[in-house]
Amino acid sequence: MAEKIISIKDLSKSFGKHEVLRKIDIDIEKGEIICIVGSSGSGKSTLLRCINKLEKQTTGKILFHDKEIRDIQRDINEYRSRVGMVFQSFNLYNHMTVLQNCMLCPRKVLKVSKEEAFDRAITHLKQVGMAPYINAKPAQLSGGQKQRVAIARSLCMNPEVLLFDEPTSALDPEMVGEVLEVMKELATTGLTMIIVTHEMAFARDVSTRTIFMDRGYVAEDDSPAKLFTDPKNPRTREFLSRYLAG
Amino acid sequence: MENPTNSLEWMIFLTEKYLKMFLQGTWLTLYIAVLGTLLGFVLGYIIGIIQDMKVGEGDLFIKKGLVFLLKAIASIYVEIFRDTPMIVQAMIIYYGIRQAGVDLTPVVAGVLVTVLNTGAYMAETVRGGIGSIDQGQREGAWAMGMSPMMTMFYIVLPQAFKNIIPEMGNTFLTNLKMTSVLNVIAVQELFMAAKTVGGNYYKYFESYLVIAVIYFVLCFLFNKLFGLMEAKLKGETDYALAVEYMDNQ
Ligand SMILES: Nc1ncnc2c1ncn2[C@@H]1O[C@H](COP(=O)(O)OP(=O)(O)O)[C@@H](O)[C@H]1O
Ligand SMILES: [Mg+2]
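If you read the protein sequences in the order shown, they are chains A and B.
With the first letter of the first sequence counted as 1, position 93 gets the number 93 in this note's numbering; the numbers rise by one all the way through.
In this note's numbering, each residue carries its 1-based index in the second sequence increased by 246.
Calculated from the structure, these hints are not laboratory results.
For every residue, glycine included, the Cβ atom is placed at its ideal position computed from N, Cα and C.
Do not rely on the hints blindly, as some may be mistaken.
Among the chain B residues that face chain A by a calculated CB cut under 7 Å, a handful are [said to hold, decoys possible]:
1) 382
2) 383
3) 389
4) 390
5) 401
6) 403
7) 405
8) 486
9) 488
10) 491
The calculated lysine-lysine pairs, modelled on PhoX-like cross-linking and capped at a C-alpha distance of 25 Å, are [claimed, not checked]:
11) A:111 / A:137
12) A:56 / A:9
13) A:67 / A:23
14) A:4 / A:56
15) B:263 / B:478
16) B:408 / A:108
17) A:56 / B:309
18) B:300 / A:108
19) A:108 / A:137
20) A:56 / A:23
21) B:300 / A:56
22) B:478 / B:408
23) A:137 / B:478
24) A:56 / B:310
25) A:17 / B:300
26) A:67 / A:30
27) A:30 / A:4
28) A:137 / B:480
29) B:480 / B:408
30) B:408 / A:137
31) B:300 / B:317
Work out the full structure, taking the sequences as your base and the hints as a guide.
Shown next as structure tokens:
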């Protein structure tokens, strides 16, 4: 059996009285590509944000290599550097060039040398096809280009896990493909990926496991082959028919 | 100029005769405005950053207490200096400190008042500038392992700084003019010079016109200078493709 990286146990999260995540149990092994699908408001972003400690769970546990991340206080920044996150709105640093965006955190957080940071940046920018744009500022790029830079920036930290929160939802339709292409490529490198997405074809073709979230619950967690062709939960069926019809 | 007969001639006469005094006044006005503004900016940034501090649920009690105390001090300071006139602040600080037995020169007191006043206004400006940077960029930094302080210094402040440059320019010009109130604590700046010179010949109108011209020219020039600096900082709008990486595209 492969090594377990993340283990979520009986996780719940409330904002005030509003229960957003309920009794979530998910185990993630090294190298898995997990796609999370579900309607808007079902708690997908909140789940990723809990994993990255941008939100704090109300009850339950999240284990990273068998270590409870709630107990990580001092080393939170070290932890986050191992668990990268790609956002819907890119969240690039607007005052910096593409190259500076990619070099900043390896330099300041991981304290690698300038040469090493530069090499990492170029390697990963090449990987996403953005190396020629090292001197551009985010405002000068298209949405698809920004997201590819954001992915390269995360890769420069050499993370063990990369979280994606609807990476293509803010893009014009003609740019969705280029980003999905990059992610498909990444999925073959052995990197563990957790991807919240509305791109059903991508989830079906690329994920090793697909999770359907519904009103804060994990309603279904199965291989994409099963989940997309023969869902057990009627709500999954309903959700998929809405998406696949459209 | 001998035997001036009209106002213009009087202005020339006074300027020639008291050139040294006017120049000294100009120098002091600039000195206090520049030093007071720069130090005031530093103070304003410190206070603005304090006001933006947040504590998490998980933080130690001592950290929560310290942050609360700092924020309270910062808000009280900002309120007091924004809600009282600078001329009154000057009197209270100068006479207060002297009364406490510290031998304070008027110029030092003048700089101090300018710093404290600028700090209070800049704190609000800085806070607004910090608030104008979207939360997403901060989360983008945290998610990469940057601490809140690193995020502030590498991501938020550089952008906030750029956004509030026009406001910083305005503050400097305001300070340049506001140094005139420091004559009440006997700082020999421009206003004081005009008052003294005017008194010697009972030619107040002409004497103050001379310094009005000086203030105007100074402000006008600095305004133009800031405009140029701003345009320069806006920077290039184009970038060059790094052709060495163009292969396999
Ligand atoms: N910071 C917050 N405060 C209060 N409610 C929130 C907050 N963040 C998310 N929520 C609520 O939690 C629910 C789930 O949100 P989210 O995780 O963003 O869903 P999804 O990503 O699946 O669309 C929504 O009802 C949303 O309004
Ligand atoms: Mg979401």
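Outcome of the hint check:
no.: 1; hint: 382; verdict: holds, 4 Å
no.: 2; hint: 383; verdict: holds, 6 Å
no.: 3; hint: 389; verdict: holds, 4 Å
no.: 4; hint: 390; verdict: holds, 4 Å
no.: 5; hint: 401; verdict: holds, 5 Å
no.: 6; hint: 403; verdict: violated, 10 Å
no.: 7; hint: 405; verdict: holds, 5 Å
no.: 8; hint: 486; verdict: holds, 6 Å
no.: 9; hint: 488; verdict: holds, 5 Å
no.: 10; hint: 491; verdict: holds, 3 Å
no.: 11; hint: A:111 / A:137; verdict: holds, 24 Å
no.: 12; hint: A:56 / A:9; verdict: holds, 14 Å
no.: 13; hint: A:67 / A:23; verdict: holds, 19 Å
no.: 14; hint: A:4 / A:56; verdict: holds, 22 Å
no.: 15; hint: B:263 / B:478; verdict: violated, 41 Å
no.: 16; hint: B:408 / A:108; verdict: holds, 22 Å
no.: 17; hint: A:56 / B:309; verdict: holds, 19 Å
no.: 18; hint: B:300 / A:108; verdict: holds, 22 Å
no.: 19; hint: A:108 / A:137; verdict: holds, 20 Å
no.: 20; hint: A:56 / A:23; verdict: holds, 15 Å
no.: 21; hint: B:300 / A:56; verdict: holds, 16 Å
no.: 22; hint: B:478 / B:408; verdict: holds, 11 Å
no.: 23; hint: A:137 / B:478; verdict: holds, 17 Å
no.: 24; hint: A:56 / B:310; verdict: holds, 18 Å
no.: 25; hint: A:17 / B:300; verdict: holds, 23 Å
no.: 26; hint: A:67 / A:30; verdict: holds, 15 Å
no.: 27; hint: A:30 / A:4; verdict: holds, 6 Å
no.: 28; hint: A:137 / B:480; verdict: holds, 12 Å
no.: 29; hint: B:480 / B:408; verdict: holds, 8 Å
no.: 30; hint: B:408 / A:137; verdict: holds, 15 Å
no.: 31; hint: B:300 / B:317; verdict: holds, 10 Å
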